[in-house]
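One line per chain: the protein sequences are S and P, in this order.
Heads up: the first sequence begins at 1 in this note's numbering, then just goes up one per residue.
Heads up: the second sequence begins at 1 in this note's numbering, then just goes up one per residue.
To be clear, the hints were calculated from the coordinates, so they are not data collected in a lab.
Hints are not guaranteed to be accurate.
[Said to hold, decoys possible] Just some of the chain S residues that point at chain P, by a computed CB distance under 7 Å:
1) Thr6
2) Asn201
3) Ile203
C-beta: ideal position from N, C-alpha, C; glycine also.
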Amino acid sequence: MTSKLTNTINGLAKEKVKPSAPIPWEDRPVGCSDAVWRSRRNPVIPRDLLPTSNSIFNSAVVRFGEGFAGVFRCDDKRRYMQMHSGFSKDGVNWDIRPERIKFKYNDDDISQWEFGYDPRVCWIEDRYYVTWCNGYHGPTIGIAYTYNFEDFYLIDNAFLPFNRNGVMFPRKINGEYAMLSRPSDNSHTPFGDIFYSQSPNMIHWGRHRHVMGTLPGWQMTKIGAGPIPIETKEGWLLFYHGVLTSCNGFVYSMGAALLDLEKPWKVIYRNASYLLSPQKDYECVGDVPNVVFPCAALYDKPTGRIAVYYGAADTVTCLAFCKLNEVLEFLKADNCIV
Amino acid sequence: MKLNRYEKNPILSPNPANEWESLVTTNPTAWYDAKSNEIKLIYRAAGNDSLHTIHLGLATSKNGYDFTRQSDAPIFSPVPDANLGSIEDPRIIQLDGLFYITFAYRPFAPGKYWIKPDERDYNAPAFGAEYPRIMRENLSGTGLLLSPDLKQFTYAGNLTNPAYDDRDVIIFPEKIGGKYVTLHRPMEWAGKEYGTEYPAMWIAFSDDLLGWKDLKLLAKGKYDWERKIGGSTPPLKTDRGWLVLYHAVGEDNFYRVGAMLLDLDDPLKILGRTKDWLLEPQESYEIEGLYNGVVFPCGNVIIDGTLFVYYGGADKYVCLATCKIDELLDFLCSSSK
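All chains, full assembly: derive it from the sequences and hints.
This is the structure:
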């Protein structure tokens with residue numbers, strides 16, 4: 001539809017820019033006063049959505065095109081940890097690809113696939129970056145990018161082993177890419193703090209800064225960043241998981257913190273109480289009991305709504321909801337940073 | 001009147017996964033391709049090699065904002081054996097269905113021009129006085145690529161005189177009075193005998209696109225933010241004249257953007273021109289890169305009444321700024337009075 005004027009188009013934007021689908025949402029249940037509440041449709045992704053899957057959990061979703069896309073942790077029936085891409089029109093009903101993601105790469109040295117789990121997906125500038133716990137002689141942070149969730153290009157591991165829970169910031173900070181991670185050990189990690197690192201080129205990571213460590217109670221054993229931080233006027237809202245060691249093993253809960261916008265290793269507020277802890281059957285019973293583990297959050301700026309995706313009991317994927325201003329209010333009221 | 005930056009700038013950044021574009025993606029040109037109903041964007045790209053080899057890459061968009069790279073390989077790369085050592089700053093037009101892409105070239109790769117020559121691992125080779133000046137000084141000329149579909153490209157030769165530096169050569173997307181019309185920026189044509197103190201914008205009308213044989217001075221630096229000026233974007237035909245964005249380098253060595261409106265039938269006639277710049281380097285992606293302080297458009301498209309200006313930031317990023325086309329044309333028309 002060109003006019004006789006050069007390089008002038010009428011009707012392109014109207015035809016091509018369709019409004020994106022609304023993020024999943026359910027109002028707070030009557031009688032509930034918590035800052036975060038669960039979806040009535042939980043678990044939104046059952047463990048056997050794929051015929052080959054043992055469990056689908058700890059997965060990351062983002063807005064994509066007119067709907068949503070994501071990278072999913074799908075442990076198969078051999079109990080190998082794999083990642084699959086998936087698409088959804090509404091963010092709730094998912095079409096997960098039956099084949100695991102096979103990364104394209106330039107460097108044979110890093111091409112050997114051992115395992116990958118707990119992905120996060122982050123849009124930065126012009127593409128989606130995926131970070132995950134990647135097997136390279138021990139767990140570390142793998143990085144790849146994609147434009148379409150069909151082709152994934154492997155870049156390189158951000159760190160030496162052992163590291164987990166690599167979570168990128170959605171824009172450069174002070175001119176550099178920024179990532180949170182949780183260095184630890186090669187086994188079931190009875191310790192771990194959140195650190196901040198930056199990189200000029202997505203390959204070389206440095207200027208590591210300690211962000212925060214464990215605290216007594218629900219976050220006594222180890223902590224790790226969850227979804228991509230949400231930028232607010234007051235700071236970066238970070239949902240994270242904290243682990244308590246009980247006489248029956250680890251208990252994974254979710255809390256929040258607010259990090260300084262330009263110096264995200266400075267913690268402004270941090271929850272003393274958890275926002276969500278394993279209490280429902282699907283969180284308490286499964287391959288690993290007593291786990292809620294957030295890996296993604298969709299934020300709708302105009303309404304302030306947030307949909308948090310979390311893995312439950314290392315078995316299924318669930319949704320929880322909250323509102324940005326209410327979480328910030330709760331965070332201030334429940335703050336444990338002096 | 002100013003251009004508004006797109007909030008998600010930069011729209012393309014260096015891609016660490018492809019060596020040829022891992023350091024630089026900048027100075028983009030753009031055209032609406034009616035056949036595929038998308039905006040095609042061709043950008044200058046380079047990796048982190050000591051020669052600083054510069055290529056052209058291709059990305060496309062359905063809406064003018066979100067661009068997707070079309071290949072992990074460049075669409076055109078230097079041909080050192082043909083003395084095309086560096087391929088820079090593309091400008092695309094479509095004329096009678098054929099795409100014409102002019103590009104600045106140098107006989108040899110430039111090396112890392114942003115660091116001191118004696119600190120580089122490589123500098124362009126030296127030649128004796130018997131060699132052409134363009135080789136001795138690794139000057140810029142302008143080459144031409146032709147393509148029916150932006151898939152197959154044919155290098156059609158050079159459009160400039162090898163005796164002097166002439167980049168920023170831009171073809172009008174329509175013949176006027178049966179002639180090709182081209183903008184030029186001969187670097188050495190400055191001084192009393194040329195009627196301009198600093199390098200300026202020249203225009204030519206030709207039968208063969210070899211406009212250098214007869215250049216006429218079109219416009220020169222006039223205001224305090226302008227010294228050297230040169231054409232930036234392929235002229236857009238509007239109902240009120242040809243819209244041409246140009247770049248101006250000031251005393252502070254910042255590259256800024258201005259605009260002029262040329263008469264449709266006689267483009268030597270300037271109907272309006274911005275007294276102040278439309279865009280100047282300000283954001284980190286414009287002042288922190290390989291050249292600190294440059295906004296350099298090479299392409300523009302009008303989509304639903306909005307002018308989309310695609311520009312390079314800091315010799316490193318591809319960025320977008322927009323304005324209402326009517327507002328800019330009103331502004332230019334009133335500026336002449």
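Proposed interface contact between S/Ile203 and chain P, which counts if any beta carbon pair is under 7 Å: Check passed: Cβ of S/Ile203 comes within 6 Å of chain P, closer than 7 Å.
May I ask you to test the interface hint for S/Asn201 with respect to chain P, counting a Cβ-Cβ separation under 7 Å as satisfied? holds (5 Å)
For the hint on S/Thr6, does the least C-beta distance to chain P fall short of 7 Å? holds (4 Å)
Checked against the numbered hints above, the structure breaks none of them.
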